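Peer 1: Per the working numbering, the sequence shown starts with residue 166, numbered consecutively.
One thing to keep in mind: the hints can contain errors.
Claimed, not checked - In silico SDA-like links for lysine to any residue, alpha-carbon gap of 20 Å or less: (1) K519 to Q302; (2) K517 to A319; (3) K519 to G366; (4) K517 to G379.
Unchecked claim - Here are the in silico distance ranges between beta carbons for each label pair: (5) A528 to A258: 46 to 54 Å; (6) R334 to V272: 36 to 44 Å; (7) Y450 to A258: 34 to 42 Å; (8) E339 to G515: 50 to 58 Å; (9) E303 to P259: 36 to 44 Å; (10) V272 to S344: 44 to 52 Å; (11) R479 to D276: 25 to 33 Å; (12) V272 to T251: 31 to 39 Å.
These are computed hints drawn from the structure, not numbers from a lab.
A quick note: this is a predicted structure, and the numbers were derived from the prediction, not measured.
Positions of the beta carbon are idealized from the N, C-alpha and C atoms, including for glycine.
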Amino acid sequence: GWQRGAEVGEKREGAGMGRWRWARRAGVVALCAGGAAGAGRVMFPPVDVADEALRAEPLATPLADAVQLIPLRAVSRAWGAMNELTLPTPVRAPLYRTWCRAFDCDVTEADRPLDQYRNLQEFFGRALVPGARPVNQEPGVLASPCDATVLSAAPIGPSASLEPIKGVRYSLRELVGASAREPLAASAVSVESAQRAETSGARLYQMVLYLAPGDYHNFHSPAQWRVERVRHIAGQLLSVNPSVVRRLPDVLVANERVALLGDWEHGWFSFTAIGATNVGSIELYFPRAPSLRTNASKAAWREHPQRSVALTKRPAELDRGELVGGFRLGSCIVLAFEAPEHFTFRVQPGDKVKCGQAIGAVA
166 GWQRGAEVGE
176 KREGAGMGRW
186 RWARRAGVVA
196 LCAGGAAGAG
206 RVMFPPVDVA
216 DEALRAEPLA
226 TPLADAVQLI
236 PLRAVSRAWG
246 AMNELTLPTP
256 VRAPLYRTWC
266 RAFDCDVTEA
276 DRPLDQYRNL
286 QEFFGRALVP
296 GARPVNQEPG
306 VLASPCDATV
316 LSAAPIGPSA
326 SLEPIKGVRY
336 SLRELVGASA
346 REPLAASAVS
356 VESAQRAETS
366 GARLYQMVLY
376 LAPGDYHNFH
386 SPAQWRVERV
396 RHIAGQLLSV
406 NPSVVRRLPD
416 VLVANERVAL
426 LGDWEHGWFS
436 FTAIGATNVG
446 SIELYFPRAP
456 SLRTNASKAA
466 WREHPQRSVA
476 LTKRPAELDR
486 GELVGGFRLG
496 SCIVLAFEAP
506 EHFTFRVQPG
516 DKVKCGQAIG
526 AVA
């Protein structure tokens with residue numbers, strides 16, 4: 166009896182030590198995360214995306230270079246590994262509810278009870294209850310691919326440049342990883358300049374969508390279209406928060422991203438999912454999607470900076486609202502597409518949109 170009691174005591178002591186180690190590690194993680202968040206808010210204070218006076222205010226070059234030296238890929242992989250750890254069942258629901266309160270999530274939309282999500286990764290990538298995101302079915306409508314805040318929605322400027330925030334411009338070809346000689350899609354008009362596209366009775370348009378940590382993290386097809394090429398472009402994993410985009414103008418073309426290229430009934434169409442800090446994992450779920458290895462080590466992505474998979478023999482046909490892929494935690498999506506001159510956006514910068522909501526239409 167004494168021996169059995171001693172064994173029970175040792176087990177209890179071991180369990181207690183295990184709980185203490187778990188709590189200590191959780192405390193260290195929380196402290197580091199809080200410190201990083203605090204430093205981030207000092208360097209990148211929140212901004213109002215809807216502010217018409219909002220313009221790029223780049224950091225001084227030495228400071229910008231220093232930010233990019235932070236090993237964010239290693240941090241993101243460590244965060245991903247932590248997210249895959251199975252959580253004790255009793256702490257799951259309270260932890261997820263705390264997260265939802267902090268980031269304004271609606272827990273009632275989750276597709277199953279909170280204590281059934283074994284880890285943070287399952288919770289971040291959760292599906293929603295049927296009907297939570299109805300897809301607008303009006304003819305000619307472009308639907309939002311995700312829950313997000315609109316950073317920009319406008320025609321693409323001269324020389325095919327995108328402008329997510331005033332004063333921040335990117336080359337469309339640089340964003341999707343296309344060389345100067347490469348046709349972006351077999352059926353597309355030339356997109357070397359917006360003016361040249363206008364002569365065909367069409368224009369090029371852009372929409373940049375920012376997914377906050379509390380948003381639904383899966384993304385869906387905004388229209389019925391055909392994916393002819395998938396391009397994975399390795400890169401940094403800097404934050405894509407609007408306040409960071411404003412201070413580090415190269416973020417969207419410096420970060421790791423996956424570009425889907427093809428066409429829809431009005432011409433060329435592209436959908437680019439951009440990774441970010443703690444969001445290195447970009448997954449594709451649609452039929453015939455190639456397998457991707459995102460958030461690899463820096464040595465791996467420097468050796469293989471870009472991978473392109475052509476689907477031209479059997480393009481992937483996607484319907485409006487169809488599940489395309491998913492992020493972890495939050496990130497950014499850039500839509501760039503050709504449409505008639507009478508295409509109009511139904512949203513403007515600063516608007517919050519829900520997946521499936523009409524964001525534009527061909528009248």
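Peer 1: If a hint holds in the structure, say so; if it doesn't, say that too.
Peer 2: Quick rundown of the hints versus the structure:
1. K519 to Q302: holds (15 Å)
2. K517 to A319: With a Cα-Cα distance of about 16 Å, the restraint between K517 and A319 holds, given a limit of 20 Å.
3. K519 to G366: violated (31 Å)
4. K517 to G379: With Cα atoms ~12 Å apart, K517 and G379 stay inside 20 Å; holds.
5. A528 to A258: 46 to 54 Å: Roughly 47 Å apart at Cβ, these two residues keep to the hinted range, so it holds.
6. R334 to V272: 36 to 44 Å: Holds, at about 40 Å.
7. Y450 to A258: 34 to 42 Å: Violated - the Cβ-Cβ distance for Y450 and A258, about 27 Å, lies outside 34 to 42 Å.
8. E339 to G515: 50 to 58 Å: violated (26 Å)
9. E303 to P259: 36 to 44 Å: Distance hint for E303, P259 holds at roughly 42 Å.
10. V272 to S344: 44 to 52 Å: For S344 against V272, whose Cβ atoms are near 46 Å apart, the range 44 to 52 Å holds.
11. R479 to D276: 25 to 33 Å: Since the Cβ atoms of R479 and D276 sit about 31 Å apart, the hinted range of 25 to 33 Å holds.
12. V272 to T251: 31 to 39 Å: Distance hint for V272, T251 is violated at roughly 20 Å.
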